[in-house]
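All chains, please: the whole structure from these sequences, using the hints.
Chains as they are written, first to last, in this note's numbering: chain A, 279 to 898; chain B, 13 to 385.
It is possible that part of the hints are untrue.
[What the hints assert, rightly or not] Far from chain B, some chain A residues (derived; all Cβ distances over 12 Å):
id : residue
1  : T323
2  : G396
3  : P419
4  : F431
5  : P502
6  : F587
7  : N589
8  : H739
9  : Q758
10 : P763
11 : E790
12 : F885
13 : S896
[Stated by the list, open to error] What follows is a set of in silico ranges between Cβ atoms, one per label pair, in the way DEER data are often shown:
id : chain 1 : residue 1 : chain 2 : residue 2 : range
14 : B       : L121      : A       : E728      : 36 to 46 Å
15 : A       : E728      : B       : A218      : 52 to 62 Å
16 : A       : E728      : B       : D370      : 53 to 63 Å
17 : A       : S712      : B       : P143      : 43 to 53 Å
18 : A       : L729      : B       : R75       : 55 to 65 Å
[Said to hold, decoys possible] Sample of chain A residues at the chain B side, in silico, Cβ under 7 Å:
id : residue
19 : N534
20 : G535
21 : R759
22 : L760
23 : L761
24 : L765
25 : A810
26 : A811
Note that these hints are calculated values from the structure, not bench results.
Beta carbons are placed, not taken as given, at the ideal position from N, Cα and C, and that holds for glycine.
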Amino acid sequence: MVAKVRLLDDSVINKIAAGEVIERPASVLKELVENSVDAGATRITVEVEKGGRALMSVTDDGCGMSREDALMSLERHATSKIRSDEDLFSIDSLGFRGEAVPSIAAVSRFELTTGEHGADVGTRLVVEGGEVTVLEDAPSPGGTEIRVRRLFFNTPVRTRFLRSPRTEMAHVVDAVHRLSLAAPHVAFRLIADGRRLLDAPRADRLETRAAAVLGAKTAQSLVPLQAERAGMRLEGLVSKPSLSRANNGGLYLYVNGRFVKDRTLVGAVLSAYRGVLGRGRYPVVVLFLDVPPDTVDVNVHPTKVEVRFVNSSEVWRFLGGAVSDRLASVGAAPMDEASATDVAEDPEPSGEAAPFGFGPAVSRSPPRPFARTLAARAMDAAPPPDSGDPDPLGFAAEAAPPDASRACTARAAAWSSRPRDGDGWGGRARPRFSDLRLLAQYDAAFLLCELDGELMVLDQHAAHERVVFERLRAGGATAQRLLVPELLELGPDRTAAVAERAGPGLSELGIEVSAFGDGTLALQGVPRGLAAARVRAALHDLADLLAEATPTPEDLRLELAGLLACRASVHAGDTLEPAAVRTLLAHLDGLDDAFACPHGKPTLVRFDRADVARWFGSAR
Amino acid sequence: MEFVIAKDELIRALARVQGIVEKRSTNPIIANVLLEVGEDGMKVAATDTEVSFVGRYACEAARPGRLTLGARQLYDIARLVPTDTVSFNLPEGSLQMEITSGKSFFKILGLSADEFPAVPEPGEEAGVLLPMASIRELIDKTLFSISSDDTRTGLNGAYVEAKELEDGTVMRFVATDGHRLSLCGRPFTGSFGEGRSLLLPKKGLAELRKLIDDGDGDWTANFGDTQASFRRGSICFSMRLLEGDFPDYEQVVPSSWQRRVMVQRDAMIAALRRVSILASEKSHPVRFAIINGGVTVTARQPETGEAHEEVEAQVEGTDLEIGFNARYFRDALAALSTDVVMLEIGDSLSPCLIKPGDGNSDELFVIMPMRLE
Numbered sequence: 279m280v281a282k283v284r285l286l287d288d289s290v291i292n293k294i295a296a297g298e299v300i301e302r303p304a305s306v307l308k309e310l311v312e313n314s315v316d317a318g319a320t321r322i323t324v325e326v327e328k329g330g331r332a333l334m335s336v337t338d339d340g341c342g343m344s345r346e347d348a349l350m351s352l353e354r355h356a357t358s359k360i361r362s363d364e365d366l367f368s369i370d371s372l373g374f375r376g377e378a379v380p381s382i383a384a385v386s387r388f389e390l391t392t393g394e395h396g397a398d399v400g401t402r403l404v405v406e407g408g409e410v411t412v413l414e415d416a417p418s419p420g421g422t423e424i425r426v427r428r429l430f431f432n433t434p435v436r437t438r439f440l441r442s443p444r445t446e447m448a449h450v451v452d453a454v455h456r457l458s459l460a461a462p463h464v465a466f467r468l469i470a471d472g473r474r475l476l477d478a479p480r481a482d483r484l485e486t487r488a489a490a491v492l493g494a495k496t497a498q499s500l501v502p503l504q505a506e507r508a509g510m511r512l513e514g515l516v517s518k519p520s521l522s523r524a525n526n527g528g529l530y531l532y533v534n535g536r537f538v539k540d541r542t543l544v545g546a547v548l549s550a551y552r553g554v555l556g557r558g559r560y561p562v563v564v565l566f567l568d569v570p571p572d573t574v575d576v577n578v579h580p581t582k583v584e585v586r587f588v589n590s591s592e593v594w595r596f597l598g599g600a601v602s603d604r605l606a607s608v609g610a611a612p613m614d615e616a617s618a619t620d621v622a623e624d625p626e627p628s629g630e631a632a633p634f635g636f637g638p639a640v641s642r643s644p645p646r647p648f649a650r651t652l653a654a655r656a657m658d659a660a661p662p663p664d665s666g667d668p669d670p671l672g673f674a675a676e677a678a679p680p681d682a683s684r685a686c687t688a689r690a691a692a693w694s695s696r697p698r699d700g701d702g703w704g705g706r707a708r709p710r711f712s713d714l715r716l717l718a719q720y721d722a723a724f725l726l727c728e729l730d731g732e733l734m735v736l737d738q739h740a741a742h743e744r745v746v747f748e749r750l751r752a753g754g755a756t757a758q759r760l761l762v763p764e765l766l767e768l769g770p771d772r773t774a775a776v777a778e779r780a781g782p783g784l785s786e787l788g789i790e791v792s793a794f795g796d797g798t799l800a801l802q803g804v805p806r807g808l809a810a811a812r813v814r815a816a817l818h819d820l821a822d823l824l825a826e827a828t829p830t831p832e833d834l835r836l837e838l839a840g841l842l843a844c845r846a847s848v849h850a851g852d853t854l855e856p857a858a859v860r861t862l863l864a865h866l867d868g869l870d871d872a873f874a875c876p877h878g879k880p881t882l883v884r885f886d887r888a889d890v891a892r893w894f895g896s897a898r
Numbered sequence: 013m014e015f016v017i018a019k020d021e022l023i024r025a026l027a028r029v030q031g032i033v034e035k036r037s038t039n040p041i042i043a044n045v046l047l048e049v050g051e052d053g054m055k056v057a058a059t060d061t062e063v064s065f066v067g068r069y070a071c072e073a074a075r076p077g078r079l080t081l082g083a084r085q086l087y088d089i090a091r092l093v094p095t096d097t098v099s100f101n102l103p104e105g106s107l108q109m110e111i112t113s114g115k116s117f118f119k120i121l122g123l124s125a126d127e128f129p130a131v132p133e134p135g136e137e138a139g140v141l142l143p144m145a146s147i148r149e150l151i152d153k154t155l156f157s158i159s160s161d162d163t164r165t166g167l168n169g170a171y172v173e174a175k176e177l178e179d180g181t182v183m184r185f186v187a188t189d190g191h192r193l194s195l196c197g198r199p200f201t202g203s204f205g206e207g208r209s210l211l212l213p214k215k216g217l218a219e220l221r222k223l224i225d226d227g228d229g230d231w232t233a234n235f236g237d238t239q240a241s242f243r244r245g246s247i248c249f250s251m252r253l254l255e256g257d258f259p260d261y262e263q264v265v266p267s268s269w270q271r272r273v274m275v276q277r278d279a280m281i282a283a284l285r286r287v288s289i290l291a292s293e294k295s296h297p298v299r300f301a302i303i304n305g306g307v308t309v310t311a312r313q314p315e316t317g318e319a320h321e322e323v324e325a326q327v328e329g330t331d332l333e334i335g336f337n338a339r340y341f342r343d344a345l346a347a348l349s350t351d352v353v354m355l356e357i358g359d360s361l362s363p364c365l366i367k368p369g370d371g372n373s374d375e376l377f378v379i380m381p382m383r384l385e
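This is the structure in structure tokens:
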């Protein structure tokens, strides 16, 4: 039999951006489940113990592997899915980097049992920290079974970044939900610490799967959508105006079968709901966009939640238009406040969910505007599972504030896919930033504060960046005109691009520009509080951006606000006077999304007394 | 070194240098003050390497010598010693100064005077003579317009040049932060140098301003290639000239107008102060509605509310609405000294010129408007 797993050519390897694939247990599972789907599985069972730190296992009934393939799969960049450079630009299967399995095996105790269909004898192989320690015959499981134990046992630094089992579990649930929505024809089961969190039988229709995953009540408010244009196909479910959420965790967007967080797509969907949903409300959608593989670059980031379209404005128009049309056909009128209940704030995952051990919520804090940023921590503080929150999905929602993730998804993903921690207050009320007592500034970059016995560490740049970003984004900034215009020699093309394409967006932000003679841009007005030189630097960045892409006006405005916010904020190395810190904290209190910078990095990390005591090896 | 000095004299000497010594530098010696005792008394010097101060004070010198001591600590000692005179003694070859006042005794380790940076102190040669009122007004009317943003160093100081006007030559200070401009010319005697110009840094001017009120008398200024020194009596203050480009300011000053408004300065300041309570945050945008007979100043906060006030004015020209940063406007009005001020405005996007109502002295302010929605 021809071996299906092959080593990639070096040239292919070089085309694949290096990077960490394995961030946390959920990313391990994502890789393994994608492999199972690619192996043609009809049933996938995921088991997780202690948030994935103790055990993660994925069992499938897919095509299985020969011993040769199994060994080969442990070689970095061994993948059965891609063979040459050309293939890389026409990727149809989910996984392709060939990094996942060896990466996982390198940082865990990895056990693989596999056998090809029809074969009685399969292979069992154990890898510990990258070393194959067992290779033997075993009864074929009729597919592949992978068990990952002691993740990161040999990389203590990574272990430190793991959050509590509950937080990690929230990510796991999130990942499995995403994967299962994308593959209704595959039965999914998720078992966590012995409890069944998801049992989704094989389904012919996405609606059925959505009901199993998102809850029957939510599914009732979803309507199907289908559209096609110029080689692009869109299919899926969109929520009626009567259903909305306070965060964008209900946006399940897939490109060619792969879950993505793409600001073009998110922006297009939200634009279709603008005026339909109230401010700060988000729809629930499950949408699959199929585009020709050569019009999209999925290789932007190793975890592959980010993509780049060759023609993003066309995609934007197609998607936004299709959703808009569908909403119009269900008679979506501007939202009626009374009817717009917080369905997703109080969801029931499904009628079938209860037998899995989820009772109704016994304690639920009233919806808070910042609840979405508190996702992970809220999991930590939630009551015990039996009476726990039945919405792990909502909690596992995108931790970065929705608008921020929209604005800066690209970089957010590159830096840190989500704020790691520090953004949750459990069931408690959100503290007032201005109540924080400043202890010290550390390394001229971090503000060490104290509140109610907890140590709060603020990243001064991230926090200030968020403040400036929100101020800019609010738009309507008043331009303070300059005595002497600043002249930027950008060259004719870039000057025209900035002056014509970005001009209106700029003036919204309080920036006045005009083309000034040959290839020179004149900066004539700047927003309050921003030095002309900083605006100037942001305009250079903007010119670079416009040379490469054609953002939508909305994206452009957010992008600009992001650029300016970054340029205009205090940076690491700036010594802050206590008065300046107080002002900053007071400004943060005024924001809904104060817990992450516009790029999704956290602004604040907190340690309770027990955390600190643990550093010194004391139990309390 | 051994000397006895009056407590008051010592306090005066040390108080003046507290704002100059740099406490956060990596070079500890510039947190120190240099004491140098000779037959003619005591010289006290301090510097942060950008600005420096040298003062001469009376003391009874028994034995000459020099040493640097922590400026802050020495000042605290001087203020708290129990007697009217204080004795200093530095044993030969030692760096530990012994200070005795009545029954109090201090011994402080200093740093060798040889390591102290050279502090410029031009000789007695005649420089430019600046009457006390001139130098004070030159600074007061321009300091606030100097940019604090360090991205364009040329704007971090006042531009200085000599300007020949109909009724004599003035020394002109011009400052701008890119949004507004201050210009003030005042009489002086002596030669500044034909076609010469230089930039005086903001910190230097702010420190010099404090010294001006500290005593009485005119100032002699010497402008070197890298340093400017200002001397009055026994004290000399120097600052390193700022390097950078200053814009061609005369181009920015409007030479024509379409609306001219004459208004009571105090009434306008008071109205702006009241109205800007409701102007939004930092830049305090306010709207001026200029109509015949008055100016209505309005501030609006979308979430909170609005305020407006009508100020009587003589208006020439057509009606106009124009926006300004209220703080810029108040700064300029406060820097003017006449009761009536004159505003000359083109259209809603062009610079506004603010001048004394009598149009006599060489001073003016230019403020760029804010674009109103």
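For this session: List, from low to high, the hint numbers that the structure doesn't satisfy.
Result: Per hint list: 9, 10, 11, 15, 19, 20, 24 violated.
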